[in-house]
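Novice: Okay, here's what each chain looks like letter by letter:
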Amino acid sequence: MADLSCTIAGIPSPNPFWVASAPPSDKYYNVERAFKAGWGGVVWKTLGIDPPIVNVTSRYGSVELNGQKMMGLNNNELISDRPLDVNLAEIKQIKEEWPDRAVVVSLMVPCNQKDWEYILRKVEGTGADGVELNFGCPHGMSERGMGASVGQVPEYVEMVTRWVKENSNLPCIVKLTPNITDIRYPARAAKTGGADGVSLINTISSIVSVNLDSMSPEPSIEGKGTHGGYCGPAVKPIALNMTSEIARDPETLDLPISSIGGISNWKDAAEFISMGAEGVQVCTAIMHHGFRIVEDMIEGLSYWMDEKGYQNIEDFRGLAKKNVVDWQYLNLNYNIKARINQELCVECGLCFISCEDASHQAIKMKKHDGSRSFEVIDQECVGCNLCMLVCPVENCITMERVDSGKEYQNWTNHPNNPMAVTETA
Amino acid sequence: MPQTPDIQKGRLSTQQLAQNFEDIHPPLDYGNAILEAQRCYYCFDAPCVNACPTQIDIPSFIRKISSGNTRGSAKDILSQNIMGGMCARVCPTEVLCEGVCVRNTQESKPVRIGALQRYSTDWLMEKGDMLFERAPSSGKRVAVIGGGPAGLSCAHRLAMLGHEVVVFEAREKMSGLNEYGIAAYKTVDDFAQREVEFILSLGGIKTQCGVSLGKDLKLSELKSEFDAVFLGIGLGNVNQLEIGNTPLGVFSAVDYIEDLRQASNLENLPVARRVIVIGGGSTAIDIAVQSKKLGAEDVTLVYRRGPENMSATNVEQEFAQVHDVKIRTWLQPNSWLVENGQLSGIRFEYTELNSSGKLMGKDEFLELETDSAFLALGQKMMHKIFELELEMNSGKLAVDENGATSQSGIWAGGDCITAGKDLTVHAVEQGKQAAIAMDQWLRN
Chain A
1 MADLSCTIAG
11 IPSPNPFWVA
21 SAPPSDKYYN
31 VERAFKAGWG
41 GVVWKTLGID
51 PPIVNVTSRY
61 GSVELNGQKM
71 MGLNNNELIS
81 DRPLDVNLAE
91 IKQIKEEWPD
101 RAVVVSLMVP
111 CNQKDWEYIL
121 RKVEGTGADG
131 VELNFGCPHG
141 MSERGMGASV
151 GQVPEYVEMV
161 TRWVKENSNL
171 PCIVKLTPNI
181 TDIRYPARAA
191 KTGGADGVSL
201 INTISSIVSV
211 NLDSMSPEPS
221 IEGKGTHGGY
231 CGPAVKPIAL
241 NMTSEIARDP
251 ETLDLPISSI
261 GGISNWKDAA
271 EFISMGAEGV
281 QVCTAIMHHG
291 FRIVEDMIEG
301 LSYWMDEKGY
311 QNIEDFRGLA
321 KKNVVDWQYL
331 NLNYNIKARI
341 NQELCVECGL
351 CFISCEDASH
361 QAIKMKKHDG
371 SRSFEVIDQE
381 CVGCNLCMLV
391 CPVENCITME
401 RVDSGKEYQN
411 WTNHPNNPMA
421 VTETA
Chain B
1 MPQTPDIQKG
11 RLSTQQLAQN
21 FEDIHPPLDY
31 GNAILEAQRC
41 YYCFDAPCVN
51 ACPTQIDIPS
61 FIRKISSGNT
71 RGSAKDILSQ
81 NIMGGMCARV
91 CPTEVLCEGV
101 CVRNTQESKP
111 VRIGALQRYS
121 TDWLMEKGDM
131 LFERAPSSGK
141 RVAVIGGGPA
151 GLSCAHRLAM
161 LGHEVVVFEA
171 REKMSGLNEY
181 GIAAYKTVDD
191 FAQREVEFIL
201 SLGGIKTQCG
211 VSLGKDLKLS
221 ELKSEFDAVF
231 LGIGLGNVNQ
241 LEIGNTPLGV
251 FSAVDYIEDL
261 RQASNLENLP
271 VARRVIVIGG
281 GSTAIDIAVQ
291 SKKLGAEDVT
301 LVYRRGPENM
311 SATNVEQEFA
321 QVHDVKIRTW
331 LQPNSWLVEN
341 GQLSGIRFEY
351 TELNSSGKLM
361 GKDEFLELET
371 DSAFLALGQK
381 MMHKIFELEL
391 EMNSGKLAVD
401 ENGATSQSGI
411 WAGGDCITAG
421 KDLTVHAVEQ
431 GKQAAIAMDQ
441 WLRN
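First to last, the protein sequences are chains A and B. Just so you know, we're using this note's numbering here: the first sequence kicks off at 1 and counts up by one. Just so you know, we're using this note's numbering here: the second sequence kicks off at 1 and counts up by one.
In case anyone wonders, no lab produced these hints; they're calculated from the structure. Beta carbons are placed, not taken as given, at the ideal position from N, Cα and C, and that holds for glycine. Hints are not guaranteed to be accurate.
[Claimed, not checked] Going by beta-carbon spacing under 8 Å, a handful of chain B positions derived as facing chain A:
id, residue
1, 35
2, 38
3, 41
4, 43
5, 44
6, 45
7, 47
8, 49
9, 105
10, 106
[As the list claims (entries may be wrong)] When the alpha-carbon atoms are kept at most 30 Å apart in a straight line, the in silico BS3-like pairs for lysine-lysine are as follows:
id, chain 1, residue 1, chain 2, residue 2
11, A, 165, A, 27
12, B, 109, A, 366
13, B, 421, A, 69
14, B, 326, B, 218
15, A, 69, B, 127
16, B, 326, A, 367
17, A, 69, B, 109
18, B, 362, B, 380
[As the list claims (entries may be wrong)] Beyond 10 Å from chain B on every Cβ pair, some chain A residues (computed):
id, residue
19, 14
20, 36
21, 66
22, 76
23, 289
24, 302
25, 321
26, 339
27, 347
28, 409
Please model the entire structure based on the sequences and the hints provided.
Specialist: Printed below as a string of structure tokens:
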């Protein structure tokens, strides 16, 4: 059986699955249930300086797609709304009772060194394994000069990270906001400031919908709404790209990453780890289905690793990273074309109409007596994958490689590239 | 129906009867409609559209359910088929739209098109929205004889196109077989009459009930009084069995279903302890199942050919079987068995196909005891109800592809024409197509 134990930003964990800093990790009761279910660690709901913040009611908004609930979720909640000492006491208790699990405490205080020193002393007293600096929350706190408003300024990220590292020996993870043009800059800043790792992505600024009767954004608070943080399965591709950006950046190549963003099952987790993450954090999937989903995550990942012959997480960590390249290094001589399996075809016509109206008119519809069939016109097919993607039948449309092994050529030296690097005599 | 010791009313309690005659396919609620709608692939040039006799753009109406455009969804349906609500309830979708759904190929489970169609049309009718407007008046007047699906569909389209229509109906209520012939559990809550109200709400359609052609109306007079005439007269007579004098206890299924549909209290409807139904169509299935639901202990449906030859679909046959109706095939009635003038059983002869495919008796017999029998052998046209010469074809009115009869200015549609298609949806389409052709003719 595969060994799932790992070390994330220097913090040992029995498996790579952590509960993200969020409502499921906001008190002893939840966290105990999470550990009983099998989660390897938690990042406790963000602590601030007393008096506690106040939340509004009507806090979550959801995006549904084709009957799938909560494809995307947003929220306008702030950090923990409980007194600091209550949280600290519960953190201490849970760490004592579950010594083998990772307990990381998320923090957000104003940008002055004194407040950071104050709260670090408090956290150190709990026996927690590390801290996560919440520089990501895009609503409510950012307007008060905390959260994403720090994460959006690399200089602040570096400054606060340095304060934390100078004032505490606790491993320090910096949680990044995706609400920024280039995620590599705050990641580099975190590293320069001495961070032991970064976690990403925090939520994306969003308004999920407008109620067309009341003209109120959702979630609606007495007819008004505000932007909230967006998360859930819909944001996974964004998180995966940002993970790869940091993992590939020469300046942050070795910076440990705890990935967050739409991770709902073991496959998602394996993708992030293969992209270089040391572990993952989960929230929306728990909010949707409860802590019990970790059982499948552990089992599914183990079985897959056994099947692939990976004995531990490090065996496959980062393997996909090297295959992410900039566009100009892709092989322009690679050529694939669509192939339609006539026996599997259910004659829905979606490949035809999508190619006809939106792509390259490369599928021909033939009418027979009472039925029809669809054929690819090879000369027109550019191998875009669209027909395969819209086809509702698994493996009915596949892409076949048709190039005759022509030499690799990328854009950097392509004749059509005015900036091509040509060999000089 | 006269009562005997074995033919009794009130076999079941009011409560039990009410439960038995509930809607067989309860409507989809919002959530389930959305879920089901999302199963539709939105096929291009979709097979279901081609399989619908009225060519409803099914992928489009289903997509509009998903998007919350229920009004647009209902409009897609009703602009092609003004009886989309009834057809959603009674169409044998398993041999029409749902039968060709591409989901069958993939997972043997078509999208529930009929149920979704009902969702949209019910929504609209509850809302009471007006979907259609009438074109400016043409000044033309059309007589429609028969207020069933063909006649109402024709009348509605004609009125939309700007003509004034008078519908003459022989019975007390409009809607033809929708009101008098379809099994009660397929169209609950007086739906047939609500649909008539919806159709008439367009305006431009007057109705006269209780007047019949041949008795109160003369075709030649209507022809001269109106600019055009549409015959949607259905089939007035039922086919009989020629096996000797019919004893007491043998009934017409069509008549009995009519009584059932019009009964204010099902407890007053006598039903036999043991029932044999002779026939293989939807009416046979309906009378068999309804007998069971009224409290008959033992119901057997007997058909002279194989199950695959029955015009009742597989789904209908299974529906009967799960309602504890026994289906026996390859048996033809040979003679009535009678005790004291009352039916006591039926002697059947086993049948087979000979080498040239003709149905033959095998000279082997089977006697089945019963207290009553229902004949469901199809219907035929009433004779001599019109004095004008109209060309006939196989005992029905001969028409061209637009429903025009051999007499200029007279169209026909529904069960009285020779299309060989006897579903509600066919009648609606024939009425609609005739109206479109009549409009062209009236304007030339």
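Novice: Going by Cβ atoms only, is residue 49 of chain B closer than 8 Å to chain A?
Specialist: With a minimum Cβ separation of about 11 Å from chain A (threshold 8 Å), the hint on residue 49 of chain B is violated.
Novice: Would you settle whether the hint for residue 38 of chain B is holds or violated, based on the nearest Cβ-Cβ distance to chain A being less than 8 Å?
Specialist: holds, 5 Å
Novice: Does residue 76 of chain A sit more than 10 Å from chain B, CB to CB?
Specialist: holds, 25 Å
Novice: Given a cut of 8 Å on the nearest C-beta pair, is the interface hint for residue 44 of chain B held or broken against chain A?
Specialist: holds, 3 Å
Novice: Compute the least Cβ-Cβ separation between residue 347 of chain A and chain B, then decide whether it is above 10 Å.
Specialist: Incorrect as stated: the minimum Cβ-Cβ distance to chain B is 6 Å, not above 10 Å.
Novice: Is residue 109 of chain B within 30 Å of residue 366 of chain A, Cα to Cα?
Specialist: holds, 26 Å
Novice: Can we confirm that no CB of chain B comes within 10 Å of the CB of residue 66 of chain A?
Specialist: violated, 5 Å
Novice: Residue 362 of chain B and residue 380 of chain B were given as a pair; does the straight-line alpha-carbon distance stay at or below 30 Å?
Specialist: holds, 29 Å
Novice: Return the status of the interface hint for residue 45 of chain B: holds when the least beta-carbon distance to chain A is below 8 Å, violated otherwise.
Specialist: holds, 5 Å
Novice: With 10 Å as the threshold, tell me whether residue 14 of chain A passes as away from chain B on beta-carbon distances.
Specialist: It holds; residue 14 of chain A is separated from chain B by about 39 Å at its closest Cβ, greater than 10 Å.
Novice: Given the proposed pairing of residue 326 of chain B with residue 218 of chain B, does the C-alpha separation stay at or below 30 Å?
Specialist: violated, 46 Å
Novice: Compute the least Cβ-Cβ separation between residue 409 of chain A and chain B, then decide whether it is above 10 Å.
Specialist: Nearest chain B Cβ is 37 Å from residue 409 of chain A, so the label holds.
Hint check: violations occur at hints 8, 13, 14, 16, 21 and 27; the rest are consistent with the structure.
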